[in-house]
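Letter by letter, the chains look like this.
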Amino acid sequence: MPEEHYINEDYGIRSWLLTKDHKRIAILYLISITFFFAIGGLMATMIRIHLLTPTGNLVSHDNYNKLFTLHGIVMVFFFLVPSIPATLGNFLMPMMLGAKDLAFPKINLASWYIFMIGGSVALYAIVAGGVDTGWTFYTPFSSVYSNTHVVTAIVGIFFAGFSSILTGLNFIVTTHRMRAPGMTWFRLPLFVWSMYATSVIMMLGTPVVAITLSLVALERVFHLGIFNPALGGDPVLFQHMFWFYSHPAVYIMILPGMGVISELVSTFSRKPVFGYKFVAFSSVAIAIFGFLVWGHHLFTAGMSIYAALLFSLVSFLVAVPSGIKTFAWTATMYKGSISYKTPMLYVFGFLGLFCIGGLTGLFVAAVGLDIHLQDTYFVVAHFHYIMVGGMVMAYLGGLHYWWPKMTGRMYPEAWAKLSALIVFVGFNLTFFPQFILGYLGMPRRYAAYPPEFQVLHVLSTAGASILAVGYALPMVYFVWSLRYGQIAGPNPWGATGLEWKTTSPPHKHNFHETPVITEDPYNYTPELEREARFV
Amino acid sequence: MAKHVDHLYFFLLAVLVFFTLVVVILVAIFAVKYRREKHPVAVPIHGNIPLEITWSLIPLALEMVIFVWGGILYFQMSRPPAASMEIYAIGKQWMWKFEHPNGTREINELHVPVGRDVKMIMTSQDVIHSFFVPAFRVKNDVIPGNERYSVAWFNATKAGEYHLFCAEYCGTMHSGMVGKVIAMEPTAFERWQSGGGGEGSMAASGEKLFLQLGCSTCHRGDAGARGPNLNGLFGSTVQLADGRKVVADEGYIRESIQNPPAKVVAGFQPIMPSFQGQISEEGILQLLEYVKHLKGQTPGGPVNVAPGSNSVPGATGLPNQQAPLTTAPTMKK
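Protein chains in written order, with numbering that gives the first Met the number 0: chain A, 0 to 534; chain B, 0 to 332.
Derived by calculation from the structure, the hints in this document are not laboratory data.
Nothing here was measured: the structure is a model prediction, and the numbers come from that model.
Quick reminder that beta carbons are idealized off the backbone N, C-alpha and C, glycines included.
Hints are not guaranteed to be accurate.
Now the stretches of chain B that chain A is said to cover, found in silico as 3 or more residues with beta-carbon under 8 Å [claimed, not checked]:
1) 50–56
2) 97–110
3) 126–135
4) 208–219
5) 224–238
6) 283–294
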């Protein structure tokens, strides 16, 4: 271990809570979002147990509605959106660019505080009695009919939104202004490209959801007639405004994962990513087209036929860049030198699950078919394949990959491989039956269901309990590794990024002197091969 | 229609299986063939532009095929055949209320004849609901508001009972807002329907409301009337005072009752008061059904809407039998 690094440069709670070091802030975020993930996971567990029997055996209808609402709110706004950007992104962006820190270290710390305020308000809404509108807050149910803590939850999300706007702003400015000498745009790691695209969406989209949810709160409190038809409002207007952010937010929740996969597949194949520019620009294309497809959530909401066709068309177009990436990652392995370390196992899992998640997107983009599948378990399974099968797999893969950089120690490989396997099996058993349920017509958000669906629900619940084990294991062995893990050294994987050119854990200022970049990314040299002790 | 939807579904399933297998098999082959023990030195390949363009364009072409296919299907789904039999539906927390034009009312059960195109004209009296019959592959949100009705149509091909779900989350008993569609052979359906009602047809009830609310004082149908003539209005094109032209469909009639100033007919003053909140959803539907019947008659005068008759062109007119059959599972409001 290096003598001086960001963890031991100062001690005490103050040194963490008042830090401006992007690495320490990343750790603060890591702890916070793990906490929220655990809460969201606990709710998912209760949902799955409840659905073991057709009549629902665990909680009342009202409480079931609150469970899936809070599961959605916590997982989307307090785990998935900040997950990779605020932890791995915060930790790695400056290092990958060869910078000492982000452009605005104080704003970075402020964003964590704002996030925590939002999180605390959301937690208060849960403890005070919950919310039952669904994470989508559809009007006029949310703005008029619901008797739960809607406004409190909205305030929490409003804060969390500002936190992600600030993170996005910080990343954009940092990418433009803080690159080390020689770090041209096409020498950036693909992780940076995807974080940049994500940040653009965060900055442009989040204000819209903040406005939309504020209008819901105003309508609840002051009875403005914006969405409430009894006051001359239009309930469907809400859906347009909500999805204008929330569809791009889907890309906030997957683009960073795509960036991680690019890094991992390259390192463990020991080859440059196939078609760097196509992969880089496909991230940008997703960010742009992602803003033009929100209407595909409204095909059954009385949209005009021609508008529906247009949104369907653009939704198909946005599938192309995702396809480009998938083929590029696969081709990267061709004639590589592939090692099956835990992060690479997550890449394998990601590729399979992302294919299914992405291609089932075509089912719901085809208007005529979406009419049947909309609001059924098919949609639930589809987006969990992307969000969990894609993003969470990539997040876990990235966490294992950069864990030695963050802590200076290796995680236990055998346990990690076992947990990756458990996650993969548990995930598929949980969500694959839900595709079938959806096709058979099982609507989502049902606390009770016709008995013929029970077998598939039992399978899904069984899968969820396996998945829970797969998620609990890393929490245990990561903590164990902090004390007992093998010392990693600066570059355990023999990887190419600038983050591997400094000590593990890095020095407070990342680099002792500003690096100068003279070569293209992903240039695997024989010297790197010698460093690769753990590959 | 269900068959056509399924064709697209299984075509997409084939596409999914094909591409997933391509990726998974390639990953498996590469992972084994180029594993580090066997292949210690990687060959640095940066890309291959023709290949990258190929794997952009092939999926794009395939997606365009799926788009057109899904679009055509949707086009058919959104246009109910002209001779459809009409049934009105009102969604409310947490039940489905149906009313047949002959006045038969049902709750959470919907009886339809096999082999007939059925057009649902739907509205909600509180939050958004969604009318979903998985077996028919039909779904449409039922949205509260002044200016629209949601429409869905289907044609049951086999007698039987089918699930009816509310697909849009609507509060506490969302999962209890379920029912069944009972598709019956036409003769059985006639027998069932003739036992219903007893309160007269929807149009007849609408006529009573029309007189009771004083609509007939302005919508008199003569030259000096203060309101436009409603005779033959339904389905015609209306010239508005602001220059627009609109088709007088269900949504237009609804809006003109709830929010008259929104669309004022050319040549008339915006003097009609709003009836929002003064007529129940059922009442509006009855008025609508009444307006649909006004063809070649004087509004307010006697209307040829014998109780029990079916309003739809081409539908079988059913004689009204006042003695209800005990087997008829009709529910009254």
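To see whether the hints hold, each was checked on the structure:
no.	hint	result
1	50–56	holds (count 4)
2	97–110	violated (count 0)
3	126–135	holds (count 6)
4	208–219	violated (count 0)
5	224–238	violated (count 0)
6	283–294	violated (count 0)
Checked against the numbered hints given earlier, the structure breaks hints 2, 4, 5, 6 and satisfies all the rest.
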